[in-house]
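The residues making up each chain are set out below.
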Amino acid sequence: MSEAVSAVSIASIAVPAPATSLFDRPALRFAVRRLLRFVVSLWVLMTAAFGMIYLIPGDPVRASLGITASQALVNERRHALGLDQPMLVQYGHYLAGLLSGNFGTSLASRLPVARIIADRLPATLELAVAAFVLAVVIAIPLGTVMGVLTRGGRARRAELAFTTTSVIIGAIPDFVVGVVLVWIVGVHLHWLPVAGRSGFGSFVLPVMSLAIGPAAILSRILRVEMITALQADYVRTARAKRLPALAVYLRHALPNALTATITLGGLLLSTMVAGTVLVENVFAWPGLGSTIVSSILTKDYPVVQGIVLVYGIGVLAVNLLVDIALALLDPRSTIRES
Amino acid sequence: MARWRAVLRTPVGVCASLGLLVLLVFAVIGPMVWSASASRTDVASMLQGPSGSHWAGTDNLGRDILARVLVATRLSVELALLATLLAVVIGILLGTAGFVLGRRAARIVAAVVNIVVAFPGLLLALFFAVIFGVGAQGAVLAIGLAGAPAFARLAQTLVASVEQRDFVAAARIAGVGRVRVLLRHVLPNIAEALIVNAAIGAGGALLAFASLSFLGLGVQAPAYDWGKLLGDGLTGIYEQPIAALAPGIAVIVAGLAFNLFGETLAKGVGLTTTLGRVPLGRTKRARATEPVSEEDDAVLDVADLVVTLPGHGGPIRPVRGVGFRIGRGEAVGVVGESGSGKSLTALAVSRLIEEPARVEASRLRFLGTDLRAGAARTHRRLLGTSLAMVFQDPMTSLNPTRRVGSQLAEVARQHGGLSRGAALALAIDRLRAVRVPAAQRRARQYPHEFSGGMRQRAMIGMGLMGTPALIVADEPTTALDVTVQRQVLDLLRSIRRENSVALLLISHDVAVVSQVCDRVLVMYAGRIVEDLPAAELAEGARHPYTRALVAAVPDMHTDLDRPLAAIPGRAPDPTRFPTGCAFAPRCALATDRCRTEEPLLETDDAGRRVACWHAELVGARA
Amino acid sequence: MSELLFDDVSVRYGSGRRALTAVEGVRLVVPDGEVVGLVGESGSGKSTLAKAAVGLAPVSAGRILLGGQPMPMRGARRPVQLVFQDPYSSLDPRMTIGASIGEAVPRRDRRAEVARLLDLVELDAELAGSFPGQLSGGQRQRVALARALAARPDVVIADEITSALDVSIQGTVLNLLRKLQRELGMSMLFISHNLAVVRYVATSIAVMYLGRIVEHGPTEAVLADPQHPYTRDLLAALPDMGQSGAGATDAEPADPHHPPPGCHYHPRCPVGPLVRADRDRCRTETPSIDHRHHAACHFAALASEPTMQRSSL
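Residue numbers (the working numbering), protein chains in the order written: chain A, 2 to 339; chain B, 173 to 794; chain C, 1477 to 1789.
Don't take each hint at face value.
[As the list claims (entries may be wrong)] Listed below are several chain B residues computed to face chain A (Cβ distance under 7 Å; list not exhaustive):
| # | residue |
| --- | --- |
| 1 | 387 |
| 2 | 420 |
| 3 | 528 |
| 4 | 556 |
| 5 | 565 |
| 6 | 583 |
| 7 | 618 |
Hints were generated in silico from the structure; no laboratory data involved. Fair warning: this is a prediction, and the values are worked out from it, not measured in the lab. For each residue, glycine too, the CB sits at the ideal point set by N, CA and C.
The task is simple: from the sequences and hints, build the whole structure.
As structure tokens, then:
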């Protein structure tokens, strides 16, 4: 009932012929609400990153410097980091620092964490973006075509082959894909470099390891959504208009299938952001992922804290983009969400 | 239980179940059998390739790689299951907390879960791994906690969907407490979905564990699981690739076993089986006498229409030999209960039934053109401009992602070759014609900004983009309120009057049909049982079903002191229509002949048709 | 004794610009042993009123009294029971119908009681062991009725209980409902959008529009001589066998989130300010229903006026 009610309510709002639906009033309200959620999530993330240090059992400075370090050194380091102040004061300092771009100082290298991140971030970003683009470029045509081909129980063999293959590929973790690629392309064929970041060739394997699994999953989801959309009443209406098949598929079914896919696709993209951690370690890629792992192992907590924060912000940004894309594709989503 | 068992009947299900079984067996016996050979160092035979004594070769200390992989099974599976258990338990507690604690608590829990669940599991696992420290125990806690938000979200969604069902409300009204409702009504209805997702989640946990160990954050030496073997193997991949590949394959196989098992469970539970094609069987033609149609002024002329759908126990024929013709400007109604085949008939004559369903007819002519001949595209223009469709549910029949105006304009652009601007102008004009207020502005809006009645107007306007000779309306007012229904019916009536358009109106509502139409076809069990002028529906029907149907609908003149007329029994299931007259089991007049021999649809001198052995008797009683 | 009284009841959902007043100051009596029919279009608030009576919707103002006492919302005995519209959603698919019915019955002699209730709704007692999926829509609705009766209610609220059923089955359920009501002498609030069905079941009728009751009175009187223009429009819109009705106004239904001020019906009213310029009062003043015509219309008293006669039927 509530949906019907809201539909009625919107009907009575005067719309002053806007250029796109993004700028009329429900869209504006949606934007404000969505931004608010982003800010709250960001605050939660910062607080969690701050709390992380406190939840570690024992003294992180002592743990980082080792048991052989003198108490004086530990105290001095604690003082330098502000860890001897009351917790709320530290929290305030931490938040204020973050807002002015101060992520703290590495315990190991004494370098500012912000600089370490600035050095490493581009490599990770390149990897994630390239992999996402590749996954989408593979998945959208593949999922659409498979959806059309296998709708209503057609082409059952093709369906079985596709679902089985995509389930299997989707279930292989990206770092295992990476290891296999290293073995085949690097060790056996010597075609491409298997470690480091130097030139276009070094991109191929890491990007492929990251993209293959998500591409399989995304195309599988899109196929199912496409089939659902093709069974919808509005597609029957489009067929009743006697539009050519291609127009029915691309103009009427696909946008609806995509809106349903985007939510899951966004989740997949943020998983990809995290997946860089593993793939970077397979290919010795000099990004945030290899840095965070070595920092965890050396107990360099400020660096870990900073990188967790960056990853978290990346995920929040992806979610924001997904919601914006959704609002553009499906005007209902700005109202539905509440 | 039968549904769970059905899982085992698919080949994928068998593979997944077998794989899972093998995995569990290795997990149990692995360390007992191969422990010794896995830890025996032998410098003499280090980094050997596969051989008879070492099937997968040896590592850099001369230890048997295969044995090490098999031994690692237990730890890998054990830790993954522990982490999953943790995730599921915490997830269910969080997910159902809202139901027990009330609306406000539910909101808070949901908000927190919503924020946390946006972060990928691996990131959460890394976060918790820092807190709990490097090692197996820390990793179990980290992966368990990292998986919990997803399960909490799932449980929340499932609980919310069950919570909305009326049976939960009914239990609450009956005085059943919240916790009892949760245990008795909610959990049993979401258990299957939770189990399925736990199976898939276990696969995820296994991979997550391998990831953490691979990074050196999980299992620590001297203990080893697949992830650790993989990580160690990668450093020496040039000398001994198999040391990295063997545990990699183990991870893949184990992950797949859990995943596929979950997927097949989901399929079995959701019963999402796709049906096969209809074998090209021969259709028994209805031995009905068809009205003659030499005159070519019929808008639509159908004979022996049969619709066949694929079914579990063989093909189903919900429409079995339907024939009728609609003259120019004539309004013909089709009435019948759900399952009578009336909507399928409408879709079939409009050529909107797709594979795997089949439509056969001995005659299917629209405006003199045989629709059976040639491919669908040859008739596209004719049908697109001359045949208008109006569907039942105006909420779902317009595309939610496109503006109403452009959905109308599309027709003129496609079939009339109009430019974008001209087509839109025509669309606005048509919206005006169907009395949509402020048509110019409304054309720019999306369907969700329209009320139900306005959407149905827009659908009718869409049909008027061409020059329709026939409007096929399938339950066009069923989803609307009476006052709006009246408006839409009035609109259809005035369009018919102004443009002399014929109408095929499908409805379950005898009163609506009798009010709008000239002639009424009564359908039962996939056949036309009576064809009569609408004016005679109330008094002059000759088929007992028609009479019962009319009598069963209370109207403003129904005698309040008598019980309502009702038809005993229920409408026949299309999968097994009775032999003889399909209405016989519910008919007071049925004789032995009715139960064995199917009555013909006979045409009388006045052109009325009826299929009943006792039509004279029924007619006489009138 | 078991008279159900809605005393100036309002139900509001949400807040701010999304606030929705689903029910607004409704005063309605369901007298002991009588059937009151409640009609209105979708979104008029009739189902919300039913939910409020059983505690499924929050009452934001006013009181709901049963026999002069506030409704008990806790404890095992719930004297008001609701039968839902959709018999496919109102029975737990994983519970036998015997268990579903038995839920509201005290533990001892549950089996015998379930058998008695099934017999009461004219179902075979053998069916107690079957699951809802094995029953037809009509049978399910009977089970739902039996479950409502299991709580031995003083008042039963039937919310659109036949609208999900095929017409051939609708009659049997209505007949059963009438029989049970007469035999058990229970009070009943019968909600439907179908005036003909309400006419058949109810002794008096209340008409709701946008959260308010606009007219009430004995069934016969309201249907034969409706006082409120909305009631008249509703009656005129009924499809009637063999009749072809006259044109209706093309007004759009109002928005429940932003109901029009004054009389909610004025933007659609055929005798209101749209047609008669001198009736501006309807735009600002909320009409009272407490006069002898029991119709919330400023001009109900002038019903005999020629221009106000029902256009045609």
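Hint by hint, here is what the structure shows:
no.	hint	in the structure
1	387	5 Å, holds
2	420	5 Å, holds
3	528	6 Å, holds
4	556	3 Å, holds
5	565	6 Å, holds
6	583	5 Å, holds
7	618	5 Å, holds
Violated hints: none; the structure is consistent with every hint.
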